[in-house]
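Chains as they are written, first to last, in my numbering: chain A, 1 to 332; chain B, 1 to 314.
No lab work stands behind these hints, which were simulated from the structure alone. Positions of the beta carbon are idealized from the N, C-alpha and C atoms, including for glycine. Fair warning: there could be bad hints in the mix.
Stated by the list, open to error - One side of the interface only, derived from the structure: several residues of chain A facing chain B at Cβ under 10 angstroms: (1) Leu125; (2) Gly139; (3) Met140; (4) Gly153; (5) Ile157; (6) Leu160; (7) Thr258; (8) Phe296; (9) Asn298; (10) Leu304; (11) Gly309.
As the list claims (entries may be wrong) - Covered, in the sense of this in silico footprint (three residues per stretch, anywhere, with C-beta under 8 angstroms from a C-beta of chain A), are these stretches of chain B: (12) 104-115; (13) 120-126; (14) 130-142; (15) 239-246; (16) 276-289.
Claimed, not checked - Partial selection, computed: residues in chain A whose CB lies under 8 angstroms from chain B: (17) Asn51; (18) Leu53; (19) Gly129; (20) Arg130; (21) Pro132; (22) Val135; (23) Gly146; (24) Gly147; (25) Thr150; (26) Tyr302; (27) Val310; (28) Ile312; (29) Leu313.
Residue-level listing of the chains:
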Amino acid sequence: MSDENASRFRARRSAPARFLSTYGQEIIIAAVILLLFVLVSSINPRFLGANNLNTIISGNAYIAVAAIGMSMIIITGNIDVSVGALIGVLATISGTLAVAGYPVWFAWTAPILIGAAINGIVGALVAYGRLPSIVVTLGMLSILRGGLVTVTGGAWINDLPPDFHFAQQRLIGIPAPIWVMVILTVLAFLWMRHTAFGRSLYAIGGNAEAARASGIPVERRIVQVFMIHGAFAGLATLLFATQLRIIQSTVPPNLELTIITASVIGGVSILGGTGTVIGSTLAAILFSTIGAAMIFLNISPYWLRAVIGVLILVTVLVDMQRRTREIRKAKR
Amino acid sequence: MTLRKVFRHETILALLVVIALIALDRQSDNFLTLDNILNQGRLMTEVGLIAIIMTFVIVTGGIDLSVGSILGLTAILIGVFWENVGLPLPVAIGAGLVAGTFAGFVNGIIIARFRVPALIATLGTLALYRGIAEGVSQARSVRGYPEWFYVLGQGEVLGVPTQLWLLGLVAITAAIVLGYTTWGRTTYAVGSNEVAARFSGLPVDWTKIAIYSASGFAAACAGAIFVSRVSTTRSDMGTGIELDAITAVVLGGASIFGGRGTIIGTLLGLILIQALKNGLSLAGVKSDGTVVLIGAVLILTILLSNLFHRDTNR
Numbered sequence: 001m002s003d004e005n006a007s008r009f010r011a012r013r014s015a016p017a018r019f020l021s022t023y024g025q026e027i028i029i030a031a032v033i034l035l036l037f038v039l040v041s042s043i044n045p046r047f048l049g050a051n052n053l054n055t056i057i058s059g060n061a062y063i064a065v066a067a068i069g070m071s072m073i074i075i076t077g078n079i080d081v082s083v084g085a086l087i088g089v090l091a092t093i094s095g096t097l098a099v100a101g102y103p104v105w106f107a108w109t110a111p112i113l114i115g116a117a118i119n120g121i122v123g124a125l126v127a128y129g130r131l132p133s134i135v136v137t138l139g140m141l142s143i144l145r146g147g148l149v150t151v152t153g154g155a156w157i158n159d160l161p162p163d164f165h166f167a168q169q170r171l172i173g174i175p176a177p178i179w180v181m182v183i184l185t186v187l188a189f190l191w192m193r194h195t196a197f198g199r200s201l202y203a204i205g206g207n208a209e210a211a212r213a214s215g216i217p218v219e220r221r222i223v224q225v226f227m228i229h230g231a232f233a234g235l236a237t238l239l240f241a242t243q244l245r246i247i248q249s250t251v252p253p254n255l256e257l258t259i260i261t262a263s264v265i266g267g268v269s270i271l272g273g274t275g276t277v278i279g280s281t282l283a284a285i286l287f288s289t290i291g292a293a294m295i296f297l298n299i300s301p302y303w304l305r306a307v308i309g310v311l312i313l314v315t316v317l318v319d320m321q322r323r324t325r326e327i328r329k330a331k332r
Numbered sequence: 001m002t003l004r005k006v007f008r009h010e011t012i013l014a015l016l017v018v019i020a021l022i023a024l025d026r027q028s029d030n031f032l033t034l035d036n037i038l039n040q041g042r043l044m045t046e047v048g049l050i051a052i053i054m055t056f057v058i059v060t061g062g063i064d065l066s067v068g069s070i071l072g073l074t075a076i077l078i079g080v081f082w083e084n085v086g087l088p089l090p091v092a093i094g095a096g097l098v099a100g101t102f103a104g105f106v107n108g109i110i111i112a113r114f115r116v117p118a119l120i121a122t123l124g125t126l127a128l129y130r131g132i133a134e135g136v137s138q139a140r141s142v143r144g145y146p147e148w149f150y151v152l153g154q155g156e157v158l159g160v161p162t163q164l165w166l167l168g169l170v171a172i173t174a175a176i177v178l179g180y181t182t183w184g185r186t187t188y189a190v191g192s193n194e195v196a197a198r199f200s201g202l203p204v205d206w207t208k209i210a211i212y213s214a215s216g217f218a219a220a221c222a223g224a225i226f227v228s229r230v231s232t233t234r235s236d237m238g239t240g241i242e243l244d245a246i247t248a249v250v251l252g253g254a255s256i257f258g259g260r261g262t263i264i265g266t267l268l269g270l271i272l273i274q275a276l277k278n279g280l281s282l283a284g285v286k287s288d289g290t291v292v293l294i295g296a297v298l299i300l301t302i303l304l305s306n307l308f309h310r311d312t313n314r
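Same shape as in the complex, but just chain A (with noise of 0.2 angstroms):
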């Protein structure tokens, strides 16, 4: 890691160079929806339809929303496996409120305050009773799924009042999933990168004894940190729960996987230290392209986990590839 940190630092040199070293990821993700794009409207125009733009792009925004909670977790250093699970208990306490007569903003809040909670008891476990993140959040994993199905017996919500469906709504044609991911991206990536706390997440990723050194109080930013995730996981929850007529009280299977996997392809480094949420958002966004782009061009969807595992690895071997050089030259 110290290599790797050490590249970074010597890529200040050049403006461009260290444009394209730090934000080389995104680029490439960018630059391959794009030619996902061009590719299959060129075989299918119907592809560039607004309407099938705005469902690609807004069916996956809840986990970008909640894949750049996920992003600060890992740059911290720490892992969060019970995000997927957290999401359900989320969305099934957010569609019970609504049932039960509350006023809809209420139904819609009070997921992001419960999930904050949640994992501010996980993050002080992690900060102050020095458990590996992935061993807390593995344990939560059972107590929030196995509870959830406890109590709701596997049942679905139903009856939800009508303007409870938040993520059916649009302004200006625009879905507002989509509105709430790219607000949210744009707001947390220019707080990460331009205030105290933002900076700080870096620190403690890259090396958390010199973050404690230089006056950091590393285990309160830590509980921070995984409130400000939960809370996030209550905004996607927002987002996941409004979309359909029901809630059901399972997640897409492997959820969580799903979050971690958006934030790693979008350049985030599983060691801590790196990364943005834009990154991860349009790593989200390409992980839906994908799967409309299999439906465009008449390929089985039992082949799309297959693809994306593909690029992860590609991805990931890629960016190996490229610190390694990276490393070389500033050697040299």
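Take the given structure of chain A and dock chain B to it, following the hints.
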């Protein structure tokens, strides 16, 4: 013998297992019967095989998230080789095991040769292998295997479930290899300090590649047993089993950062989880409630163990 040695993780865990067994036995007359114990052993075998080799993986400081997908892929390939390609079933099983081992080997190459962090590498192959299984099977299942094949998953040898013999054999071999051989010490050395291990001339890369291949092989064996036990082949088999296996290993006292962990610990972790699942369901608790308890036990055990080992864990 110091106090710290008395309170080592495995001792705490063994105490927990005994307490759980006694407490659960009071809830139901059918819990501590030979039939029930053997049957629980049968249900534990697949995750057990994977968890035993996962102990090696985690001791090297790695992780293998792709085992559930390898299990599913092997199951699908056995079905396809037998029904669609028309190979005799023993050959099809052999080919499935080879494919599963190769999948693990690929993990090892990506991790050891290309230096990709294990979490990401196996996250990628988790999607890839499950994707291949889904793509090949197109959601069709294969049934109607010959009668002899079911002996593996449903039959008994000398009054004990067939697969339990295999689990016992693997557990004993693994315990000896990890505890008493050069190979085992190399595994700990790689996990404690990889750079130092490299400078001491240990074959770090090959150790890792061999361990991930073994992990693939264990998952493939679990796949064959799974198919035999439930008499059918589906592409979603083994989904999530990686987290069950990792839970057992971590509960067993292995450090997720590498360098620490024992086979005995993993076995105790497996037994505790299975005892809680079965005992509570016999006592009338719904299985989902048990899952909650397992999560809580995992966090609390590691927290408790950390209290006694505060200095060594930092």
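Do the hints match the structure? See the list:
1. Leu125: Holds - the Cβ of Leu125/A comes within 10 angstroms of chain B, reaching about 7 angstroms at its closest.
2. Gly139: It holds, given that the least Cβ distance between Gly139/A and chain B is near 4 angstroms, below 10 angstroms.
3. Met140: Holds, about 6 angstroms.
4. Gly153: holds, 8 angstroms
5. Ile157: violated, 17 angstroms
6. Leu160: Given a least distance of 24 angstroms, the restraint on Leu160/A is violated.
7. Thr258: The hint holds - Thr258/A has a Cβ within 10 angstroms of chain B, the shortest such distance being about 9 angstroms.
8. Phe296: violated, 18 angstroms
9. Asn298: violated, 14 angstroms
10. Leu304: With Cβ-Cβ at 7 angstroms, under 10 angstroms, it holds.
11. Gly309: For Gly309/A, the interface hint holds, since the closest Cβ of chain B sits about 3 angstroms away, which is under 10 angstroms.
12. 104-115: With 3 residues in contact (Cβ-Cβ under 8 angstroms with chain A), the coverage given for the segment 104-115 of chain B holds.
13. 120-126: It holds, with 6 qualifying residues against the three required.
14. 130-142: Three-residue rule met by the segment 130-142 of chain B, so holds; n is 8.
15. 239-246: Coverage by chain A holds for the segment 239-246 of chain B (4 residues, Cβ < 8 angstroms).
16. 276-289: Contact hint for the segment 276-289 of chain B vs chain A: holds, 3 residues under 8 angstroms.
17. Asn51: Check failed: Cβ of Asn51/A comes no nearer than 28 angstroms to chain B, outside 8 angstroms.
18. Leu53: violated, 25 angstroms
19. Gly129: holds, 6 angstroms
20. Arg130: Where the cut-off is 8 angstroms and the nearest Cβ of chain B is about 6 angstroms from Arg130/A, the hint holds.
21. Pro132: holds, 5 angstroms
22. Val135: Hint holds; Val135/A Cβ to chain B Cβ min 5 angstroms, cut 8 angstroms.
23. Gly146: Cβ of Gly146/A sits 3 angstroms from chain B, so the hint holds.
24. Gly147: holds, 5 angstroms
25. Thr150: Where the cut-off is 8 angstroms and the nearest Cβ of chain B is about 4 angstroms from Thr150/A, the hint holds.
26. Tyr302: holds, 4 angstroms
27. Val310: At about 6 angstroms, which falls below the 8 angstroms cut-off, the nearest Cβ of chain B leaves the hint on Val310/A intact, so it holds.
28. Ile312: Result: holds, 4 angstroms to nearest chain B Cβ.
29. Leu313: holds, 4 angstroms
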